[in-house]
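The hints should help you fit chain B onto chain A, whose structure is shown.
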Amino acid sequence: MRALPRLLGHRAFVTGAALVLVVVLAAISADWLAPYDPLRSAVRMRLRPPEAEHWFGTDHFGRDILSRMLFGARISLAIGLSTAMLTGLFGTMIGAAAGFFPRLDHPLMRLMDALMAFPAILLAIAVAAVLGASVANVIVALSVATTPHTARIVRASVLVVRRMDFIEAARAIGMGEARVLMRHVLPNVAGPLIVRMTYVFATAILAEAALSFIGVGPPPPAPTFGNIIANGRDFISDAPWITLFPGLAVVVSVLGLNLLGDGLRDVLDPRARA
Amino acid sequence: MAFYLAKRLGGMLLVLVLVSLLSFGIIWLVPGDPTSAFLDASATAEQATRLRHELGLDQPLWQQMVAWYGRLLHGDLGRSILLRRSVSVAILERLPVTLSLTALALAFAGLVGVAAGTLAATLQNRWPDQAIMAAALLGLSVPDFWLGLMLILLFAVQLGFVPTGGFVPFGESPSGWFRSIALPAATLALVQVGFIARMTRAAVLDVLHQDFIRTAAAKGLGRARVILCHALPNAAVPILTVVGIVAGAMLGGAVIVEQVFSIPGVGRLIVGAVLSRDYPVIQGGLLFLAAIYLTVNLAVDLLYAVADPRVRLE
Numbered sequence: 213m214r215a216l217p218r219l220l221g222h223r224a225f226v227t228g229a230a231l232v233l234v235v236v237l238a239a240i241s242a243d244w245l246a247p248y249d250p251l252r253s254a255v256r257m258r259l260r261p262p263e264a265e266h267w268f269g270t271d272h273f274g275r276d277i278l279s280r281m282l283f284g285a286r287i288s289l290a291i292g293l294s295t296a297m298l299t300g301l302f303g304t305m306i307g308a309a310a311g312f313f314p315r316l317d318h319p320l321m322r323l324m325d326a327l328m329a330f331p332a333i334l335l336a337i338a339v340a341a342v343l344g345a346s347v348a349n350v351i352v353a354l355s356v357a358t359t360p361h362t363a364r365i366v367r368a369s370v371l372v373v374r375r376m377d378f379i380e381a382a383r384a385i386g387m388g389e390a391r392v393l394m395r396h397v398l399p400n401v402a403g404p405l406i407v408r409m410t411y412v413f414a415t416a417i418l419a420e421a422a423l424s425f426i427g428v429g430p431p432p433p434a435p436t437f438g439n440i441i442a443n444g445r446d447f448i449s450d451a452p453w454i455t456l457f458p459g460l461a462v463v464v465s466v467l468g469l470n471l472l473g474d475g476l477r478d479v480l481d482p483r484a485r486a
Numbered sequence: 119m120a121f122y123l124a125k126r127l128g129g130m131l132l133v134l135v136l137v138s139l140l141s142f143g144i145i146w147l148v149p150g151d152p153t154s155a156f157l158d159a160s161a162t163a164e165q166a167t168r169l170r171h172e173l174g175l176d177q178p179l180w181q182q183m184v185a186w187y188g189r190l191l192h193g194d195l196g197r198s199i200l201l202r203r204s205v206s207v208a209i210l211e212r213l214p215v216t217l218s219l220t221a222l223a224l225a226f227a228g229l230v231g232v233a234a235g236t237l238a239a240t241l242q243n244r245w246p247d248q249a250i251m252a253a254a255l256l257g258l259s260v261p262d263f264w265l266g267l268m269l270i271l272l273f274a275v276q277l278g279f280v281p282t283g284g285f286v287p288f289g290e291s292p293s294g295w296f297r298s299i300a301l302p303a304a305t306l307a308l309v310q311v312g313f314i315a316r317m318t319r320a321a322v323l324d325v326l327h328q329d330f331i332r333t334a335a336a337k338g339l340g341r342a343r344v345i346l347c348h349a350l351p352n353a354a355v356p357i358l359t360v361v362g363i364v365a366g367a368m369l370g371g372a373v374i375v376e377q378v379f380s381i382p383g384v385g386r387l388i389v390g391a392v393l394s395r396d397y398p399v400i401q402g403g404l405l406f407l408a409a410i411y412l413t414v415n416l417a418v419d420l421l422y423a424v425a426d427p428r429v430r431l432e
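Protein sequence lines correspond, in order, to chains A and B. For the numbering used here, add 212 to where a residue sits in the first sequence, where the first one is 1. For the numbering used here, add 118 to where a residue sits in the second sequence, where the first one is 1.
Looking at chain A on its own, in the form it has when it is part of the complex (with noise of 0.2 Å):
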């Protein structure tokens, strides 16, 4: 909790947060927020441009672009929640089996170098054409893409805390190996291991938009912020509303997990830069 008053005076840290917080709760509140039913088509309000009653103008459908995008916000946060999750979960156990039991540390660590040796967008995109287009199944490949990385790094600070003095004293009162690991070891991993997730929540929500943008995304007609954009692609010049405005909603969400992750590493990661 020591870290706490520091994030607070941290400019970009409170900006990022500020940005993050709005898109949340306007996710939640969808349901009160969304002036239309985002699913409703309605032909005769077909690519309406932004007006009174469509602040954000309406799709081809003649559906309600704020509406879609804020109920889009909760399957895309959704998405790069999950996938922050599992990269931690996944990324800790594969990085500290590497890092502190040194017989796995060659086997798993040149796993990760192949997986990482794809472009990790297309990985994504290989792994959910295989395994169908659903929201779960886009988690299940971010989730493949950036584990490996997040591997990675906690390896690297593993080695760096394993060979500490206190974990030798933990060992020296006699203490196991797995208690070791999960008493002394991880929570002091925790730092790097945060700021990794919420890089990959932000890093998450471009993917699916590109994801989406391919075909392989959450099918439709459930909103995503990437598949309003590319449902809109058709359309760019005689409806660009329906692409620019959900695509606003990316960056400012996007931005302000970049700006909490870089408040997050200078406070509680300060070795890493940039």
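Calculated directly from the structure, the hints in this document are not laboratory data. Here the structure is a predicted model, which is why all the values come from computation and not from measurement. Relax, there's no trap hidden among the hints.
Some but not every residue of chain B turned toward chain A, in silico, with C-beta under 10 Å:
1. Leu140
2. Ser141
3. Leu258
4. Asp262
5. Ala372
6. Gly385
7. Leu393
8. Asn415
The beta carbon of each residue, even a glycine, is placed where N, CA and C say it ideally should be.
Below, chain B alone, put in the same frame as chain A:
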């Protein structure tokens, strides 16, 4: 040096073997039968069996794998089901397109990113630094394909400067080539330039705090000379690292950007194959891109020794 190279090549070979296993294995994940994507609903069971036989899918897994590695050793990535031709030829035909796109984007992002990052470090905490770092962070937060669409909207639809998509080969018309590749390269560069600027700033700041910089200033060298001749060369290794990372990221970015601008590159080939389940192209394409990525990594590591004579490759 020779020993280092041999060791690195050995390590790379091991990773490549794992990469080829993963590329081969991705097809196991497919629920159902990979041939179902290539047969229409009226196809008989007999036709399906024949196609499975043609593709070798009726053989046990280990035989399929032996066949895959046997072909790999001859540089043969198999045959595309949909294009009905060799996967390696299809990739090599499209490679110049992807390479020219990535090279142009990397040159642009590298020059602008290093210049902006150095400037920001020199003017640390003053307004140009804050403006550059804010712009860099904004760039990192923009989805690449959305930026591409916005650039199309502005420069192609509204202003009519460039076509909305498509590709003109360099040999056909150099100016047409540039017009067709300018926006895609700009898209690819803009989402990465911020990362280079941030890392360059950090690297230069690190060097600026060292004693020899104070000495250089104390002996009366101008600020510009201290930065360009003393600080920047000493920040070369971290900058090279980040340019290497960006080169790898751009291969992934090209996959998306080629899709947005309808550019017939390797990325578009592979995404098309993923969507149509043309799995020999998926396997071969993944393996090929990973091999390029590993080669770039190795090249960057070797360049460390060139950039900084203190680095000993052992």
